[in-house]
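Asker: Here are the chains, one letter per residue:
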Amino acid sequence: MATLEIHDLHVTVEADNATKEILKGVDLTVKQGETHAIMGPNGSGKSTLAYSLAGHPKYTITGGTVTLDGEDVLEMSVDERARAGLFLAMQYPVEIPGVSVSNFLRTSATAIRGEAPKLRLWVKEVKEAMQRLNMDPSFAERNVNEGFSGGEKKRHEILQLELLKPKIAILDETDSGLDVDALRIVSEGVNRVRETGEVGTLLITHYTRILRYIKPDFVHVFSDGRIAESGGAELADKLENEGYEAYTTKGGVSA
Amino acid sequence: MAEAQNIPVGSTTAGSIAVAAESTVATRMSAPPSFDVADFPVPHGREEEWRFTPLERLRGLHDGTAVATGAGVKVDVQAPEGVTVEAVGRDDVRLGRAGTPVDRVAAQAYSSFEAAGVITVPKEMVLTEPIRVTVHGEGGVRYGHQFIELGAFAEAVVVIDHTGDAVIAANVEYVLGDGAKLTVVSVQDWDDQAVHVAQHSALIGRDATFKSFVVTFGGDLVRLHPRVSYAGPGGEAELFGLYFTDAGQHQEHRLLVDHNTPHCKSNVVYKGALQGEGAHAVWIGDVLIEAKAEGTDTYEMNRNLVLTDGARVDSVPNLEIETGEIVGAGHASATGRFDDEQLFYLMARGIPADEARRLVVRGFFAELVQQIGVDDIQERLLTKIDEELEASV
Numbered sequence: 001m002a003t004l005e006i007h008d009l010h011v012t013v014e015a016d017n018a019t020k021e022i023l024k025g026v027d028l029t030v031k032q033g034e035t036h037a038i039m040g041p042n043g044s045g046k047s048t049l050a051y052s053l054a055g056h057p058k059y060t061i062t063g064g065t066v067t068l069d070g071e072d073v074l075e076m077s078v079d080e081r082a083r084a085g086l087f088l089a090m091q092y093p094v095e096i097p098g099v100s101v102s103n104f105l106r107t108s109a110t111a112i113r114g115e116a117p118k119l120r121l122w123v124k125e126v127k128e129a130m131q132r133l134n135m136d137p138s139f140a141e142r143n144v145n146e147g148f149s150g151g152e153k154k155r156h157e158i159l160q161l162e163l164l165k166p167k168i169a170i171l172d173e174t175d176s177g178l179d180v181d182a183l184r185i186v187s188e189g190v191n192r193v194r195e196t197g198e199v200g201t202l203l204i205t206h207y208t209r210i211l212r213y214i215k216p217d218f219v220h221v222f223s224d225g226r227i228a229e230s231g232g233a234e235l236a237d238k239l240e241n242e243g244y245e246a247y248t249t250k251g252g253v254s255a
Numbered sequence: 001m002a003e004a005q006n007i008p009v010g011s012t013t014a015g016s017i018a019v020a021a022e023s024t025v026a027t028r029m030s031a032p033p034s035f036d037v038a039d040f041p042v043p044h045g046r047e048e049e050w051r052f053t054p055l056e057r058l059r060g061l062h063d064g065t066a067v068a069t070g071a072g073v074k075v076d077v078q079a080p081e082g083v084t085v086e087a088v089g090r091d092d093v094r095l096g097r098a099g100t101p102v103d104r105v106a107a108q109a110y111s112s113f114e115a116a117g118v119i120t121v122p123k124e125m126v127l128t129e130p131i132r133v134t135v136h137g138e139g140g141v142r143y144g145h146q147f148i149e150l151g152a153f154a155e156a157v158v159v160i161d162h163t164g165d166a167v168i169a170a171n172v173e174y175v176l177g178d179g180a181k182l183t184v185v186s187v188q189d190w191d192d193q194a195v196h197v198a199q200h201s202a203l204i205g206r207d208a209t210f211k212s213f214v215v216t217f218g219g220d221l222v223r224l225h226p227r228v229s230y231a232g233p234g235g236e237a238e239l240f241g242l243y244f245t246d247a248g249q250h251q252e253h254r255l256l257v258d259h260n261t262p263h264c265k266s267n268v269v270y271k272g273a274l275q276g277e278g279a280h281a282v283w284i285g286d287v288l289i290e291a292k293a294e295g296t297d298t299y300e301m302n303r304n305l306v307l308t309d310g311a312r313v314d315s316v317p318n319l320e321i322e323t324g325e326i327v328g329a330g331h332a333s334a335t336g337r338f339d340d341e342q343l344f345y346l347m348a349r350g351i352p353a354d355e356a357r358r359l360v361v362r363g364f365f366a367e368l369v370q371q372i373g374v375d376d377i378q379e380r381l382l383t384k385i386d387e388e389l390e391a392s393v
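Protein chains in written order, with this note's numbering: chain A, 1 to 255; chain B, 1 to 393.
Among these hints, one or two may not hold up.
Stated by the list, open to error - Selected chain B positions facing chain A (Cβ under 7 Å, derived; list incomplete):
1) 328
2) 342
3) 344
4) 345
5) 347
6) 354
7) 359
8) 360
Hint data in this document are derived by calculation from the structure and do not stem from the laboratory. Glycine is no exception: its CB is placed at the ideal position from the N, C-alpha and C atoms.
This is chain B alone, in the form it adopts within the complex (with noise of 0.2 Å):
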């Protein structure tokens, strides 16, 4: 399981580090970002961001024939007193600010969402209690946009949970003023028929530092774009990812970490595990190391722990430096099975196979699931692994 690069259960892991060639980052889209969805062709699925992605799954999000239901998804936002909560309109200057859509669904999100939700925590507020959106599926269509600024030097946490059943296109814009500290865990909880594509595009300003988890364990196919740029030097990005993908479940994660700022810092850091028939996680972790991003720091890995026989991960990381100027850049990616010979080892110690493998997956994730720091989280989640293994077995 250690270092396996290539295991024979259907998984490939590939890479590579393009030194100011051609831009693969920007090779990788078949057209301009863009926030109208006429600027978009419809995939066909050979197109290079698409050809993992199984588009009859996609319920016409990415053609055009998915129709908002107006209901059927229902949005709720508790926040601390002292918070901004506003619903806005398509007009409002502020949105789009973050990142721009690099793909047809988010453009299609963009160019059709009714309302847009926008959170403001007030310069220098430091929170002590999480933001917490609750996003839940009625089994309707929704386009969806969400906004959350920080002012300069605020703090927060802001939690993104989603449940339920529904199809679903959102962007979700986070914007971090000078100094400010953002922390955001993004679930993915659906029922096994949902539908969700998203891009979550991060601006961090300077000296600001923004935490993400994104962590993925329902629905039945999950397509999310983690983007993150700065505004300033002294930036710092951490990008942590965990997936639970079960059988005939398609969980996808495409990271881009632009480096266009001098002296930031990133690292990601996304850990899988697979389970069943079907089972299909894809991972895409782009850094891309502009001329003018001197002192950059960046590191990103990719874990998949393969649990079961029939199931694939794509991961693909992909560095990309224009400059040598920098402090130091990495990737890494491996995919390994727990295999029979592990489980013999517990077993031959008194360790019942679900057990054992409970004790195996548990380790793989804890270090990621420690981070997180908000408590009914992390024990949601470890009750969910358990949960997933029991289904397992």
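Excised from the complex, chain A in its bound form (with noise of 0.2 Å):
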């Protein structure tokens, strides 16, 4: 059973000629089959956990461990970490011109999975897939990203969280953003890839709207670069009362 392993995470990064400390000290761990929901207030460090396990240059790892299945994520390169399984469905996902959709998606599934997909099944796997996700067939021609509403985005993340199948599924703030009616289909997407049981989740979220739609096993308060506190899905309903002014209010006294 794949699992994700994260001790004692330090990260900086370099903000106006100073190097500022993000993630100080983070312990996580996910199992596949698992939902852990990281929560927290702005500012907290919750992004730059998604971007340092994928391996985003800006964050530079100054101490602790990752590891997937034993093996020193840390030590690969970005791609190198999509290949072993890990998958991060951007906040911000960037336009590529000149590049299309299903180009793009075959490149990426043939790297993910070693080999080439026989085009025919290929095919019908991208347009099912599309289909559940409400997307028209259009889609596939367009340049990756460009021109796409934020809800487009979002679904386009999911299509290759869908398509690619990676043993942890890091999910930014895929929420935010979103109407009711895309949060819905987003979530039901998210849903059907955690139903295989094959993949561990970890879901980034300032709100906890999207935590009725997939219900996560574990919630993480995230506050001042590390986890504050952690418990099962009724944590979420005590933030949704509460709000973080306990955690904010906690790292306040302490800065």
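Using the hints, put the two chains back together into the complex; each one sits in its own frame.
Answerer: Below, the structure is given as structure tokens:
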């Protein structure tokens, strides 16, 4: 069973000619089949955790370990991490002019699976996955993320999640900027992948709204670069009622 | 990368639309067109038409010190049956019809060539195989002249292929009879040391169609002047260009479409990728719609993709309109870069860095490459693009 283990992770970024520590010792274990929600106020380091796990060059790991099934993730390049089974659904997917969605998806699937998918089966697979996400077939001929609406970008991310079948999926604020209909469609996509039991999900969100559609097994509250509190789904209800105030105040006092 | 008008790697993008003002197209030139090199002063580099060009790398083509070697450049023509291929003297009356040299190097070439190549496709002949002109440099210096004429309603594809190492100044003329269709592919696949300066002048007959692909990969310095004018109404010109500018290379394309006749069309699309320290691409796109050219329909576009730091693009579209009675006129220029965020996105989907770069560059050029329609050239271009990219990683 695939397991992602994060131990005492410290991460810094360079900003305004100064080095700033964003993650200050994160411990978390995500197993295949589990869904962990990471919640927290703005600036608490949630997205930094997501991008650090995926290997974004902007972030420097200054301490700690990350392993996937015992293998050192931090030693891997970005593409190696993806091929090892890590997937990051991005909050702000970038435009790639000149590269069509269909070409991109096939190139990516070929890289992840280690061989080019059989064309006929692949076309069918993509078409069905797009239908399930309410995506028009013409989408495949558009350039990656170019001129996509916010909702289209997120559906495109979840389309990749469904096609690439990672061991560990990190969803970085996939719910932000979505209206209720889009949120439902996207959540259904995530749930289809979860129901296979093959994926461990790290759901990063600012709002409790998405947790009505995607039920987490664990909820972690992120504050000031580390996990401040962990619990079950009931912790989300507490946050729904009380907000992050208790955690931000605490952060404020210690700072 | 989308519509970045100015990007922080030294690119400049500027453009202007002048309406019935003083002709900027004319003032771009420091001397009027002439066949005689003596009519052009030796450029010093501050003239509008020379300000982007590193004169010291022209190997004397601009100041009269480059002496033709006689040998060292091989020109070969392969043409299907029925096509006439001749070598003619300087006094042949056909020469110079499509256009007059507009700068000192083109005039130097016109004043210095010993024999001109003339290729004639008789009227109504439709060729199924391309005419191939190969220019292969073996270290020589050459002043060349090539004249290609299609009779009325003739159809042909011409591939002019430049390889090897040479210092060349040349004029190439295309004369299209009424209703003729000519596709020209000029490939500049030079070795790293080559210097190539040429003017390509096309004169498009009534209802004729001219399609040009200018493909520049190699050379130390390549500076081309593709120019088009019309001999009658109903003419159409499509000018396509691809360039891949590497470290230290200077590749300059200076276009002029002169809408001097009513009811003609032109469409210009040039795309370039750049990588490496000192890679410099220059694109000047001049379109002039003269007062008598009512019913003109024109569009020009230049796109640049900067793959690494240290490269520079100067892109200057310029549209000059002397009549409002036109169908359409527009231009666009954008220079963007393949940035770390795009690379991260593709790599985060398992795609290795070199393949990610290839995917983006191939995608960028694909729409143009597919339109060439000459299979071996298309394949060679794609291979070339891959080689260029591999050299960079």
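Asker: Run through the hints listed earlier and report the numbers of any the structure violates, in increasing order.
Answerer: Of the numbered hints given earlier, those the structure breaks are 1 and 6, listed in rising order.
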